[in-house]
Every structure is written in structure tokens, then in C-alpha cells.
Amino acid sequence: MDMMVSTLQQQRAVTEQLRREAAIKRIPVSVAVSDIIKYINEHEQEDCLLVGFSSQKVNPFREKSSCTVL
Amino acid sequence: MPKEDPETTALKKELTDLISKVKADQEKLADAKLAEKCSDLGDVPKIRFVTKKTLKGHLNKVNSVHYSGDSRHCVTGSLDGKLIIWDTWSGNKVQIIPLRSAWVMSVAFAPSGNFVACGGMDNMCTVYDVNNRDATGAAKMVRELAGYEGFLSSCRFLDDTHILTGSGDMKICVWDLEAGKREMEFDAHAGDVVSISLSPDMKSYVTGSVDKTCKLWDVRDEKAKQTFFGHEADVNSVCYHNGGYAFATASEDKTARLFDIRSDQQLGHYTPPGASGFTSCALSLSGRYLMAGSDDNSVHSWDTLKVSHTGTLNGHENRVTSISVAPNGVAMASCSWDSSVRVWG
Numbered sequence: 195m196d197m198m199v200s201t202l203q204q205q206r207a208v209t210e211q212l213r214r215e216a217a218i219k220r221i222p223v224s225v226a227v228s229d230i231i232k233y234i235n236e237h238e239q240e241d242c243l244l245v246g247f248s249s250q251k252v253n254p255f256r257e258k259s260s261c262t263v264l
Numbered sequence: 427m428p429k430e431d432p433e434t435t436a437l438k439k440e441l442t443d444l445i446s447k448v449k450a451d452q453e454k455l456a457d458a459k460l461a462e463k464c465s466d467l468g469d470v471p472k473i474r475f476v477t478k479k480t481l482k483g484h485l486n487k488v489n490s491v492h493y494s495g496d497s498r499h500c501v502t503g504s505l506d507g508k509l510i511i512w513d514t515w516s517g518n519k520v521q522i523i524p525l526r527s528a529w530v531m532s533v534a535f536a537p538s539g540n541f542v543a544c545g546g547m548d549n550m551c552t553v554y555d556v557n558n559r560d561a562t563g564a565a566k567m568v569r570e571l572a573g574y575e576g577f578l579s580s581c582r583f584l585d586d587t588h589i590l591t592g593s594g595d596m597k598i599c600v601w602d603l604e605a606g607k608r609e610m611e612f613d614a615h616a617g618d619v620v621s622i623s624l625s626p627d628m629k630s631y632v633t634g635s636v637d638k639t640c641k642l643w644d645v646r647d648e649k650a651k652q653t654f655f656g657h658e659a660d661v662n663s664v665c666y667h668n669g670g671y672a673f674a675t676a677s678e679d680k681t682a683r684l685f686d687i688r689s690d691q692q693l694g695h696y697t698p699p700g701a702s703g704f705t706s707c708a709l710s711l712s713g714r715y716l717m718a719g720s721d722d723n724s725v726h727s728w729d730t731l732k733v734s735h736t737g738t739l740n741g742h743e744n745r746v747t748s749i750s751v752a753p754n755g756v757a758m759a760s761c762s763w764d765s766s767v768r769v770w771g
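Those sequence lines, one after another, are chains A and B. Mapping of the first sequence onto our numbering: residues 195 to 264, in sequence order. Mapping of the second sequence onto our numbering: residues 427 to 771, in sequence order.
Source of the hints: derived by calculation from the structure; they are not laboratory data. It should be emphasised that the depicted structure is a prediction, and the values quoted were computed from it without experimental measurement.
Result set (DSSO-like, lysine-lysine): computed pairs, CA atoms no more than 30 Å apart in a straight line:
id, chain 1, residue 1, chain 2, residue 2
1, B, 649, B, 597
2, B, 732, B, 459
3, B, 438, A, 219
4, B, 459, A, 219
5, A, 219, B, 439
6, B, 459, A, 232
7, A, 251, B, 519
8, A, 258, B, 519
9, B, 447, A, 219
10, A, 258, B, 482
11, A, 232, B, 454
12, A, 258, B, 479
13, A, 232, B, 629
14, A, 219, B, 597
15, A, 219, B, 449
16, A, 232, B, 463
17, A, 232, B, 449
18, A, 251, B, 478
19, A, 219, B, 463
20, A, 251, B, 479
21, A, 219, B, 629
22, A, 251, B, 482
23, A, 232, B, 732
24, A, 232, B, 680
25, B, 454, A, 219
26, B, 454, B, 629
27, B, 479, B, 680
28, B, 651, A, 219
29, B, 478, A, 258
30, B, 649, A, 219
31, B, 566, B, 487
32, A, 232, B, 651
The following block holds chain B by itself, in its conformation from the complex:
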């Protein structure tokens, strides 16, 4: 075996020293524990979420749900090869969009409500115009974004003209939808990027990956600002807190966590009774509730501050794959392998 060259050895040593230094710096600042600091706060009110609407229509597993900026409509994608746009207040289907590929894993609704996007094992991200129909009467396909070397795992609209994507080839891309061109493409993680969450001011985002880490990014940069360690298996979902300083995560390691950006470390560690992997997570409007969708068919909820399990939402008959809280906080939508979508409040 060839001898390692001196520069590589030096770099590896520096890396190890840096890792130790970061850990030490973080520990120096860990002057409080989340639950202890919140111990004198009032308990959360005894509110029980109930299913306000059950949205039936998909014929196969539903893999992803995302609310529109209007807090009323949401889009879901299913292995039945369709996107459905729902009016969650009435339970009615507003549009059914047939897809070229049934292998959809992720959907996104533009905050404006004008576009939806989806992608999956077709290694593409396809964007549809909600307000314009094509000759068949379905929403007009406006862009097919190709060139990925892995499945499309997550996508989020920055606005009506730009979309951010994470994929199984470990990359992040930003596309200019008007030009149909990639503006940015870079290696992001050491494993599939599986989830993206935008900050409230839309200037940053966090990503979760099968490499067990989460990273914080500025939308203009190709290098991460911070990396968050802690999870012991794939991070399946990330969700920014509306205050802009923290984010929740959910993982295959059967925990949900809360990470703080400015102190650069984990604050909360949430486990349910029983133990199943989590597929998705979301925070209520204020952030007081943390919810996570589980392989055990339920959605678990915790008091984010007191780090206590506050309830289990039962109803789905198979794995919960994705959850989304309405931007105005009025409800939470969940979707499942049982082919249904539920709206909770």
C-alpha cells in the first residue's frame, strides 16, 4: 500500500483537531438544558387534535403532502401516478394532475399557490401551472427539470421563478424556471439529500441527509454554513422553526430532535412510547408543538419546550409518510401508505 503523502496526513490531523475543537466550543456554551429552563412554564393546554377531514381519492400510497401559502389548499403525490390539489376546508379535490411517472416521492406547492412541483424515481423535477390547463384539461406542465443522477427526494419553491431541489445523487440544485436552466448545482452531503426546509425569511434553508447530518445553507452559497451532528441514522425530515433560529428533525433512529442555529448544537431529544422510525416532522405556528409522522401509522406530538410526549394521533392504517402544517397554523395535513390524506386540527 502506497505511503500516505505528508499533506494528506497533516490535513487529516487538522480535521481531527478541528472536530475536537468544535465539540469543546459547543460544550463550553452548553450552560443550560432546554427542559430545565422551561420547567416553570405552564403546561400546554389539553388540546386534542382530531381529524377534521379525511381526503380520499388516491388509489395507492401517498408519499408527500405540502400546503399552499394560502393555508387552504394542499398538494399530494401518490404512487397511483397523480398529484391531487385539495381544498382542505371542504375536503374537495380541486385538480387531479396525471403524471408521466408514477414514482413520485416529493411534492411542493409554491407559496403563491400558482405552481406545484413533484419528482421521484424518474430522476426529474416537473413543474405544473395550477392556473393554466393544457389541451387535455390537466394543469399545464411548464418545466421538466432533468439531469439528476439520483432520485428527486425533495423540492421547495423559493418563489414562482426559482426552485430548490435535493436529490439521491447527494446534490442540491437551484433552477431558474423562466429560463429552464440550472443556476446552481453542488455536492451537499455525503449521502442522499432527503429533506429541505426554507427559513421564514427565505434567505436560508436546512437540509437533512442519510449521512445522519443536517446542514444550514445560505440560498446564495454553494458551501454550507454549519453542520449539525447528533442523529444516529438517516435524517428523514427537517422543519424550520418560525422564529428562524432553530429547526426540528426526524430520523430513522426513532428520535425527533431540535437543533439551535446560533449555539450550533442540539437542544432537544424527543422519543415516543414504543419505538419506530420517523418519516417526517413539523412544528406548530409558535413552535410549541413538534409533530412527527411515524412508521407505526401514527403522528406523535411533543411539547417542544418541556420535551414531553403530548399525544399520539391515530387514524392512518399504514405508515405516515409526510406531514405539513398550514402556514397560518390552522391545521396539519398528513398522508400515508394507506392512500388517504388527513387534515388535523
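Isolated chain A, as found in the complex:
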């Protein structure tokens, strides 16, 4: 970790900041990962990059042959 400080004032500021950051409440990784998995599973079907387009109608890149409503 690079904590380069040159003055007393800066040293105080850096130490105070780390005191704040050290004091936060953290949750276990297992819980964090479960929540991420849950979000991904819930949204997988809407993720076009993952599942593609359900039909050509929703594909905005399809070649349009007739008139479209802009």
C-alpha cells in the first residue's frame, strides 16, 4: 500500500480516513456471493448479450424491409 504523506496534517488526514474505513461493517463473502448469484439469475433472461433476442421483433439490428414507426 502506498501511503506517501509529507506533512503532519496530511498524516493526520490519511490516518483519520483509514480509521473511518477500517470501522465499516462488513458481511461474509458467502452472503455477498449469494446475493450476486441471485441478482444474476433473476435478470439472466433479460440479458440479451447472454441469451440473445427472444424474437426478431425485439432485435433492433435486424434488416428492416417495410415501414417502421419511428
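Let chain A serve as the given structure and place chain B on it in line with the hints.
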């Protein structure tokens, strides 16, 4: 050499103790590994991204791309001194905005689609109104935000009246665009701030810096909430996960990573075959895919959960500088030093 005063010595000791304490607290909570916990999930479907559109028009390196909130338009900035607003669905150019300075490094589209912003080595952030033209027919310049002591590396609209910027002078600023005044300006990192990503609820953001760290901020505060260590060289890009609890990063150290906010530590470490620095990263809508643009001219993708490399998108003929996923997840745009922009899906 003057003797160090007792307070400085005490503070330095406290700092070292705090660092050890934080590491220990984080390790206590590391009761699972990402890939192991996901080992029984189905594999990602065999989808291959292809280039749906190649957007040609810039005459020089394109440094930055950002989607509008409408998931259809995007803005790109190039060293040819222009911003181009594209309709990614048709591949057409909607607007070309000539810039006063060609040295553009970063662009942003307001979520509303009403404004675009850019900045770079001119040490300024300039905002243009997409819906109003000036006498020459180009988008009207509405604000030139100056006073930076370093290059503008990143900018993001909080809404149509506020913009957040990160710069080479290691600071973050929040500007009130209606008043044309800085609302906040503070030292953020121990090195250039190079990337900003807003949380889905727009109340927080993460920053990446050449000081190798990422920090989490509340938009109202001038002091960071958390600092994330792990990268071994400049962090070039950060991207919030839509779930709001994690973010992806890409670095000069040739890795992409996933950090979790609530457990305050790194969860994933992603490397490609071969080894090149990464310039940019993005997550798909659900977050299952992590993509990173590379110095090796390609965009790499991984299964975020299983921590496995899922593919390499080839097409660009030079470094990929920036990537952006459409807010509705329908496509990913990439831009490159080869002067083109590609839309993948």
C-alpha cells in the same frame, strides 16, 4: 535529518496497525471463493458476440464511447477533434460536433440523451446541448468547465444539471451546470483519477486511479467510504454491477477483477490467454458477462461467476480504448485507435 515528531510516529504506527486490522477483518469474512460457490451453476449459453454494426467516420484514434440512456444512441470522441453521436441501430451519424481541442480523452452522454460532455488534455470539460444548434449548425456549447490542473480523464452526468468529473490532478469535482459553478472539489486519490462509474441508484460511484486503488464514494461526500486494494498497476476502468453491490475493474496489470462492496474485498480475478493491459471494462445487464477492452486489439469476455474466459472478440485493428454496454443490455459498443467504433451483440 530532523527527528520525526512523536505525533507523526504515533500516527504512522496507527496507520500500520489499522492496515493489518482491516486485512485481518477481511480475511475473517472470506468464508467462500466465488468460482467454487458457483461451480454447480449452469454454464453460460454458447452465445458468440458478432459485430452488428461498424461505425466509420472518425479520422483518427477514438478514445472514448458512452451510450445514451435510450440504449440506441452513443457518443464517441476522437483525436480528429470531433464528437460523433451515432444511431447504433442503423449505423448512421446523427450529429458531428467539432471540438475546440482535438485532445479528447473522455466522453459522456447524459442519461436523458439531452447533453453530451467531453474533455481531455485541454484540462477542461465541455458540455454540449444535443437538441439545440448554434449559428454554425453544430450542437450548442453550453458550458466550458475550466480550472483543472490536470487532464480531464473521466466524466459522468448525475442528471441534466450536474456533472461529476475525475482528472489528472487527482481530484473529483461536481459541477452545477445551470450556475456554471463547482459545487464540490476534493482530493480523491494519490494519483490521476482515470475512471468513474455511477451506481444504478445514482447515489454512489466508484473511481479507479493510477494509484492502483479503487474507491467508493457517496455523491454527497468529499471523503471516500471505502478503498479497494488488489491491482498491481494503474486501474484503467471501473464499472458498477447493476445489482449495486459489486463492481468490475480493468488494469494495466493485465487483469480484470470483481470487487464486492459489502464484504469490502476482491472476489474475482480474471486473466485472458496471452497477456496485455486492459483499458476498459463493462458488465452485461445481469452481470454474468464481464468484458474488457485490451491493448491487444480485442475485447475479452469472462463468465463473471465461474471466473472462466469465455471468448475473445476480434475485429479492431488497433488498441481498444473504451467499451460501453447499452443500459437495456441489448448491445456493447467498443472504440479503438483504428478510428472505428463497433457495436456487438
